[in-house]
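**Q** Protein chains in written order, with the numbering used here: chain D, 448 to 618; chain V, 6 to 461.
None of these hints come from the bench; they were simulated from the model.
Backbone N, C-alpha and C fix where the C-beta goes; we use that ideal spot for every residue, glycine too.
It is possible that some hints are incorrect.
As the list claims (entries may be wrong) - To give an idea of the interface, some chain D residues facing chain V are shown, with a C-beta separation under 8 Å as derived from the structure:
no.	residue
1	Ser-476
2	Ala-477
3	Val-478
4	Leu-479
5	Pro-480
6	His-483
7	Gln-513
8	Phe-517
9	Met-520
10	Ser-536
11	Glu-574
12	Leu-576
13	Ala-582
14	Gln-586
15	Val-617
If you want the building blocks of each chain, they are given just below.
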Amino acid sequence: MVEESNLKLTGESRQKIVALKQLYPSPRSAVLPALHVVQEQFGYVPVPPMAEVADILEILHGEVEQVATFYRMYHQQPVGKFVVKVCDSISCYLRGSDELLAQGQQKLGVKCGGTTPDGQITLDKIECLAACGNAPCIQVNDEFIYDVTPAQFDAVLDELKRAKKNPYFVP
Amino acid sequence: MSVINYKSNQIFPPPPPSGDPTYQYILLKHRVVPGLRKLAVYQKEGGYEGLKKALNDYQPGQVIDLVKQSGLRGRGGAGFPAGTKWSFIPKVGGAKYVCCNADESEPGTFSNHELIENNPHQLIEGILITCYAIGSELGFIYIRGEFARGARVLEEAVKEARAAGLVGKNILGTGFNCEVIVHRGAGAYICGEESALLESLEGKRGFPRLRPPFPAIAGLYARPTVINNSETLCNVPHILRHGPEWYANYGTEKTKGFRLYCLSGHVERPGNYELPCGTTFRKLIYDLAGGVWKGRKLKALIPGGSSTPFLAATDEVLDTPMDFEGIAARGSMQGSAGVIVFDDQTCIVGAVLRLVEFYKDESCGKCTPCREGTQWLVQILHRLEHGEGRPGDLELLLNVGSNIAGKSFCLLGDSAPVPIESALKLFREEFEYHIHQGRCMVGPGANRPVTIGAAH
Ligand SMILES: Cc1cc2nc3c(=O)[nH]c(=O)nc-3n(C[C@H](O)[C@H](O)[C@H](O)COP(=O)(O)O)c2cc1C
Ligand code: SF4
Ligand code: FES
Chain D
448 MVEESNLKLT GESRQKIVAL KQLYPSPRSA VLPALHVVQE QFGYVPVPPM AEVADILEIL
508 HGEVEQVATF YRMYHQQPVG KFVVKVCDSI SCYLRGSDEL LAQGQQKLGV KCGGTTPDGQ
568 ITLDKIECLA ACGNAPCIQV NDEFIYDVTP AQFDAVLDEL KRAKKNPYFV P
Chain V
6 MSVINYKSNQ IFPPPPPSGD PTYQYILLKH RVVPGLRKLA VYQKEGGYEG LKKALNDYQP
66 GQVIDLVKQS GLRGRGGAGF PAGTKWSFIP KVGGAKYVCC NADESEPGTF SNHELIENNP
126 HQLIEGILIT CYAIGSELGF IYIRGEFARG ARVLEEAVKE ARAAGLVGKN ILGTGFNCEV
186 IVHRGAGAYI CGEESALLES LEGKRGFPRL RPPFPAIAGL YARPTVINNS ETLCNVPHIL
246 RHGPEWYANY GTEKTKGFRL YCLSGHVERP GNYELPCGTT FRKLIYDLAG GVWKGRKLKA
306 LIPGGSSTPF LAATDEVLDT PMDFEGIAAR GSMQGSAGVI VFDDQTCIVG AVLRLVEFYK
366 DESCGKCTPC REGTQWLVQI LHRLEHGEGR PGDLELLLNV GSNIAGKSFC LLGDSAPVPI
426 ESALKLFREE FEYHIHQGRC MVGPGANRPV TIGAAH
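Pulled out of the complex, with its shape left as it was, chain D reads as follows (with noise of 0.2 Å):
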């Protein structure tokens, strides 16, 4: 493990982050995209590559820090590989998202917003995904998935806890 102190943006991050800055009328537009950039490359976003997207994009550490505890899609924290997020608003709910999420927490022995031991899946919920007629839907890291049955759902789990790339990445 690197310790959290030592990390660093990649030169490939680098380079995109500062396509963003030249991309906007205004740097500070960047900072947005720039911590997805962060995000995919460290899975959350930590600290110290914050304070070098403030530096590319010569603003204050504070007002990337600000974006990224504004954000819930920003983690704060180091998640498992898979994030698998069950959408609990009220379309879903109406078609048994809560069953889904308890069969989700028996299943890998998580309790909601926790990850599996091994590192590989979090378990969360998430608000409405604006996929309600395919309700309940669920998303794995920023996929989507739809019509999820309980024995899909199952399904679901189970390739994920082998997977090593996100098996519904559609282009």
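Following the hints, put chain V with the ligands in place on chain D, whose structure we already have.
**A** Coordinates of chain V with the ligands only, in the frame set by chain D:
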């Protein structure tokens, strides 16, 4: 039940039987034209002809007039006439911006999602025309962070369009320059509120701004800015291509055109339904979507996303035309056209708790009535739901609600008590039952043994 493979790309209901004139897909054409996502296919179907017409045949001001004549109203919630909104942009030099609101996060709403992933050029064309109309050379698509695939699809489409000379400098040789930037949010319902969206796009926390000044005068980077919902903008190419009269042929007197009704909850066939504005709830739910699931009865519905009041399952309601005026006349709102159906086995207390929890979780925290008030509402509803309700709790709920609505900084606060107030009007006895019996009056929870805090 839908028979869709949960891993496949085809995520929305298959096209309904042809022959019914209702089903001339316009915005949803991708359902009948495979590969519409690609520029070549989109152009073959008449894509970018609206843009061509706008640039070659009309002055910017004339484009605004056409959109005014079409009667197009915003699809994001308030239904403000799009052409009128554009005409507020001052005719001054310097930068102006168009921001497409693709933050789509209101529970029950999912039309932008389908439009973006399947027909990205329709949206890009709409943005380009809007930019031309208001004299802007830069359009943004603020897309919610969770739509990672949607953002990929849009970026790919912008690339294609740029390579074809449809985005960038000197578009179609007309001298019009325009760029489109796809900007991903990062998970915050409040960024759908237009002034919070602008803050977020400037790289800040999504706190709503004080108005005036309105975005038309001082929006993004304090410059004149138009903000429209994705679906609103998707209509624009068709209006240019076929003319405002054609568009105004659809719909009702005051709500023109067609829109995507997002149907979810306890129906047989949920999904997006593209219908002329003013179609009735009955037609949508019973004729097209197969009625309430499992052969059950309708208990209530929410007509326009979670921020709009419940409506009862009466004949009068079912025969109401779904347009801004029709639904308002029944005491609710058209909103985002997210129709949520509740069957007769639904415990309304549990459903209301879930609805209000959303507002608690999504309150941006800027103002106290909303931040604190939504927590109290959830706390009280939670104890009601779990059999620990106290006499006086219903009055308390209404009281706390009235201290949020109208006293908060933005409409999110105003929306939070809406489900409670409307449900209490329609189903008060269910809330009282919870207090006195310690369990649900209907649904699976009705037979649950009472363990805690029953009937003090
Ligand atoms: C809390 C809140 C959330 C909103 N979310 C959205 C949204 O996700 N998408 C949207 O288009 N409009 C949303 N709106 C409405 C926008 O503020 C704005 O009115 C709309 O984008 C204007 O576009 P239109 O005129 O095309 O409807 C929201 C409003 C509020 C108060
Ligand atoms: S009403 Fe709620 S969401 Fe709106 S500004 Fe206040 S705290 Fe934020
Ligand atoms: S309620 Fe789950 S996607 Fe909207």
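**Q** Any hints from earlier that this structure breaks? Give me their numbers in increasing order, please.
**A** none
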